[in-house]
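Undergrad: Listed here are the chains, written in short residue letters.
Number of protein chains: 2
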Amino acid sequence: MYGLASRSLSKNKALSTSFRYFGQSSARLQNVGGVAMPTCDFVPDKYEGISYEKALEIRKSHLAPGLLTFYKKPLMVNQGHKQWLYDIEGRRYLDQFAGIVTVGVGHCHPKVEDAVFKQMRKLWHTTNIYLHSPIHEYAEKLVSKLPDPLKVCVFVNSGTEANELAMNMMRLYTGNHDIICLRNSYHGTGSATLGVLSQSHWKYQLPSAMGYHPTSNPDVYRGAWGGSNCRDSPVQCVDRPCACKPGECAASDAYLGQLQEIFDYNVPKKIAGFMAEPIQGVGGSVQYPTTYMKEAYKKVREHGGLCLSDEVQTGFGRLGSHFWGFEAMGVVPDIVTVAKSVANGFPMGAVITTPEIAAVMAQAVTFNTYGGNPMACSAASTVLDVIEEEKLQANCEKVGTHYLNELSKLRDQFDIVGDVRGKGLMIGVEMVDDKISKTPLAADRMLDIWERTKDYGVLFGKGGRFGNVFRIQPPMCMTKEDTDFAVAVLKQSIIDHQNDQA
Amino acid sequence: MYGLASRSLSKNKALSTSFRYFGQSSARLQNVGGVAMPTCDFVPDKYEGISYEKALEIRKSHLAPGLLTFYKKPLMVNQGHKQWLYDIEGRRYLDQFAGIVTVGVGHCHPKVEDAVFKQMRKLWHTTNIYLHSPIHEYAEKLVSKLPDPLKVCVFVNSGTEANELAMNMMRLYTGNHDIICLRNSYHGTGSATLGVLSQSHWKYQLPSAMGYHPTSNPDVYRGAWGGSNCRDSPVQCVDRPCACKPGECAASDAYLGQLQEIFDYNVPKKIAGFMAEPIQGVGGSVQYPTTYMKEAYKKVREHGGLCLSDEVQTGFGRLGSHFWGFEAMGVVPDIVTVAKSVANGFPMGAVITTPEIAAVMAQAVTFNTYGGNPMACSAASTVLDVIEEEKLQANCEKVGTHYLNELSKLRDQFDIVGDVRGKGLMIGVEMVDDKISKTPLAADRMLDIWERTKDYGVLFGKGGRFGNVFRIQPPMCMTKEDTDFAVAVLKQSIIDHQNDQA
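Respectively, the protein sequence lines represent chains S and Y.
Quick note on numbering: our numbering labels position 397 of the first sequence as 397, and the sequence is numbered without any gaps.
Quick note on numbering: our numbering labels position 176 of the second sequence as 1176, and the sequence is numbered without any gaps.
Among the hints, a few may not be true.
With a cut-off of at most 27 Å between alpha-carbon atoms, the simulated DSSO-like pairs for lysine-lysine come out as follows [what the hints assert, rightly or not]: (1) K1111/Y with K111/S; (2) K145/S with K1054/Y; (3) K1480/Y with K54/S; (4) K1141/Y with K54/S; (5) K141/S with K1151/Y; (6) K54/S with K1060/Y; (7) K1060/Y with K151/S; (8) K1054/Y with K141/S; (9) K82/S with K1118/Y; (10) K118/S with K1054/Y; (11) K151/S with K1203/Y; (12) K1141/Y with K141/S; (13) K46/S with K1073/Y; (14) K270/S with K1203/Y; (15) K1111/Y with K46/S; (16) K111/S with K1118/Y; (17) K1046/Y with K1073/Y.
Just so you know, these hints were derived from the structure itself, not from any lab.
Input sequences plus hints: build the corresponding full structure.
TA: Okay, structure coming up:
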């Protein structure tokens, strides 16, 4: 009824799929550009919910219009299994976005499910004025993954709630007010987090929160400075050759100069803090010069500020080389925030900080009804076990590096693939008109390619300030075979698109 | 190891419990003041988690100090069943606070569990840029419980997130900035919601959000005005006889005069809106004069403002006479927010508003990662079914009215029971030094009584601006027999306390 079948086939001049049906465990697997969709013997349940048309009708009548679907023909998902999603007709898709970097250890992971079901049969929720074992057991396990002195947790329900709270803690601890963030960053959509959220298409016509100071984004691809040796990634920028000697980074110095301007012009002598994602998520997997963060932290601390690492997307092993994004940058933050994949999709967020900073919470009463509930903690606790048992961090490094190298071939082959970047399974593919101008690929062209990838059976994310970045942050259990299929699909979709444009 | 056994028995001069052990289905039931704890044939699992001492140690080392436990000897909960909680030693407690008004249909409700497990075996989470049936099915079901034109939902993860978003919507829709709220209100702990949160012990030393204007709380017991006929409750205030003729309410007029002063002195001609809980939850089940809200809404709308009803605690039938708190007040708000019991403890919140107001969301991009996830929606959907099938709203009215009437006898009997108020199963018992002064009962005395009720096997909530209100908002499946036990326990605890004081 929809998907491939519904596309105007006449428009699809170069449709190279061997079979239209790529669901279930069918032997007639989707084959794109000579690469077959990897097999999967899981058989999804028959869909039993409301019809596709009914869902669209309800969405229009009863869900707010902010809830975008993007795809021309939106996907309706019925079931998930590992790195696969099944639509309501049983078609199988390779999930490369994991519900926005949230289903970290794979859809419906049996071990996580068993633990949560066991907990839910016992106790879903109670107030934290009582004790219950899961919150304590998880707190101990979570802080064991963090270096000293990051040993105290506050549990909340989302990244927004975690960052809102963390910003209050920064201000209370320092007694200062001003917070510096990076342009193109995303930290949530509460009132304070909207202040630091530095992408204008997320901004409503509302007075901005006070005391937020975004500095130039040290984006080595699209920013004013950057070279071919800046990134902590198997794939470097190719458009600006690097003349730096070992141990130097002119791009980093230039961006730090921009940060210095904030101190020189915009804030009082002392600030409350600085917050950044190790790699920008919503912003399109943007990476900074490798030395930037270390120097930025130094500057911030010289001005009395705390440093917050927003690990909502980068945490839990996704980057491969390290469990946390900040570790890859050689820094130890004062506050870490997590959410999304922390409990594999079960709503949860957390702030982890030092005992001294956490102590500010005692200055008044604060409480979070669901925060640290038994269900969330048992899910999150088992997620940590699974990451270790299944060596998912190592898998991210191995599979992600292969993925990045394969994607870099597309960049070399197609002028509209401007940049390929990332680390582990946190990858961005930035699309442009051409490599010289770097003009973001027009929205309709981006969407056309995106729709084709979906119709070929691969679900990429989409983001970046101009909506022109394919975001690849799949379940961490993804295989090399999967990446080959995903790359083939992206390649074929670009070819189809270009043929249509021709 | 703790609980009753650990209390200094020598201090407990009038200990009237027949048996110290009141766990499981033992025939040797707790008997307090001649009333036996109702039987329950559920047998809890053997506790398998960390020790009580270990939990306390982790709490001290790895959880922020804001996470209070209140009880001198905190309870450690292992399991829940309907209106009962079991501690790690198998002792059974009558849960009168439901995890802060959150476990609405009872702990571990089998039907809700079945629905959620079924969904979780299929799909935990995916991004809402795709469709999935649970969010649509639930949106349609939820709006069917609301009057026109409240037909559009936005799903989030908590009451805080719901109110933060709703406040933005008020401002975007009206183009105005100022928001009026009630003193003693609680709407969450984000940056904007902390602005309207009007209880100083929740306020940190942070600049308050801009544009919030709390008006005098129309509290007919503790406020400047109030009579013996003001409340929509089976139990009226007794200390200020009412001289109003039918159709008049001098107290309401006086509080509306206070609201008028906000318009006269504090805000520009046009405001963004007004937000209030139908009955204040955290504030201690405070009720307003019956006619207040209708007139307040009128005034607000005359000034271009939208009216928000925060139904986080009052919604879903708890008040007995009506499904929503606003219905009991004869008003239709422009925005309704829900959370807590919406999904029986599964983290979820929602904003429900009109299509016109919801349309403002399209002015930019907004997204909530977990908001409206399949698990939460299937839990919430089944909660609505259970409320209907088990006639829980009617049960709240029947049991709550009996409860209130029984509690009012304690007020008549004890000078330190200042006020009993509420509606359905949303009840407050305000403790004072004496009925004339109304001085809030000192914290240590309140805590002493509270500790005793816990040791006798009943878990009351505690709240109010002065921490002197027993909050009673139990699972809605509670029985009359349970109320008799709870009242006997509260009575005996007061007697014991007074004997100890003597």
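Undergrad: Give a verdict on every hint.
TA: Do the hints match the structure? See the list:
1. For the given pair, K1111/Y sits about 23 Å from K111/S by alpha-carbon distance, which is consistent with the 27 Å threshold.
2. Distance check on the hinted pair: K145/S and K1054/Y sit about 19 Å apart at the alpha-carbon level, within 27 Å; holds.
3. The suggested pairing of K1480/Y with K54/S is violated, with an alpha-carbon distance near 43 Å, which exceeds 27 Å.
4. The straight-line distance between the Cα atoms of K1141/Y and K54/S is roughly 13 Å, inside the 27 Å bound, and the hint therefore holds.
5. About 43 Å separates the Cα atoms of K141/S and K1151/Y, which puts this hinted pair outside 27 Å; it is violated.
6. A C-alpha spacing of about 51 Å is found between K54/S and K1060/Y, which places the hinted pair above 27 Å, so the restraint is violated.
7. For a cut-off of 27 Å, the pair hint linking K1060/Y to K151/S stands: about 11 Å separates their Cα positions.
8. Distance check on the hinted pair: K1054/Y and K141/S sit about 13 Å apart at the alpha-carbon level, within 27 Å; holds.
9. At most 27 Å may separate the alpha-carbon atoms for a hinted pair to count; K82/S and K1118/Y meet this at roughly 17 Å.
10. A threshold of 27 Å between alpha carbons decides the hint, and for K118/S with K1054/Y the separation of about 22 Å falls inside it, so the pair holds.
11. Taking the CA atoms of K151/S and K1203/Y, the gap is near 25 Å; set against the 27 Å cutoff, the hint holds.
12. Distance hint between K1141/Y and K141/S is unfulfilled; the C-alpha atoms sit about 40 Å from each other, more than 27 Å.
13. Restraint check: the Cα-Cα separation between K46/S and K1073/Y comes to about 51 Å, which exceeds 27 Å; the hinted pair is violated.
14. The suggested pairing of K270/S with K1203/Y holds, with an alpha-carbon distance near 23 Å, which does not exceed 27 Å.
15. This hinted pair checks out: K1111/Y and K46/S have alpha carbons roughly 22 Å apart, not beyond 27 Å.
16. For the proposed pair K111/S and K1118/Y, the alpha carbon gap of about 16 Å is at most 27 Å, so the pair holds.
17. Simply put, K1046/Y and K1073/Y have alpha-carbon atoms about 21 Å apart, close enough for the 27 Å limit, and the pair holds.
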